[in-house]
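Novice: Sequence:
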Amino acid sequence: MNGIAEILESPDHLARFAVAGQPPKSILRITANTVFFQCSRAVIRAGL
1 MNGIAEILES PDHLARFAVA GQPPKSILRI TANTVFFQCS RAVIRAGL
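The UniProt record's numbering numbers the first residue of the sequence shown as 1 and each following residue consecutively.
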């Protein structure tokens, strides 16, 4: 897998993931650019 991972701490992003009114301290955003499948059966099983 190739991509970008970012740790976000902005209040706007954190508010979207609040649980019981408590926002997390940070969130991890992962953007996948390329994914290499090892097993073709996994793709079929996932319905992709």
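Calculated from the structure, these hints are not laboratory results.
Remember, predicted model here, so these are calculated numbers, not experimental data.
Treat the hints loosely; a few may be bogus.
[What the hints assert, rightly or not] Cβ pair distances, simulated, as ranges:
id : residue 1 : residue 2 : range
1  : H13       : T34       : 20 to 28 Å
2  : P11       : I44       : 17 to 25 Å
3  : S26       : G3        : 17 to 25 Å
4  : S10       : A32       : 18 to 26 Å
5  : N2        : C39       : 13 to 21 Å
6  : P24       : I4        : 28 to 36 Å
Don't be surprised by glycine CBs; every beta carbon is placed ideally from N, CA and C.
Novice: Next, verify each hint and record whether it holds.
Specialist: Verification of the hints:
1. At about 25 Å, the CB distance of H13 to T34 agrees with the hint of 20 to 28 Å.
2. Separation of P11 from I44 is about 42 Å and departs from the stated range, judged on CB atoms against 17 to 25 Å.
3. Between S26 and G3 the Cβ separation comes to about 18 Å, which falls inside the hinted range of 17 to 25 Å.
4. The beta-carbon spacing between S10 and A32, approximately 22 Å, falls within the hinted interval of 18 to 26 Å.
5. Hint check: N2 to C39, Cβ distance near 19 Å, so the stated range 13 to 21 Å holds.
6. Under the hint 28 to 36 Å, the C-beta atoms of P24 and I4, about 20 Å apart, miss the expected range.
Comparing the model with each numbered hint stated earlier shows that hints 2, 6 do not hold.
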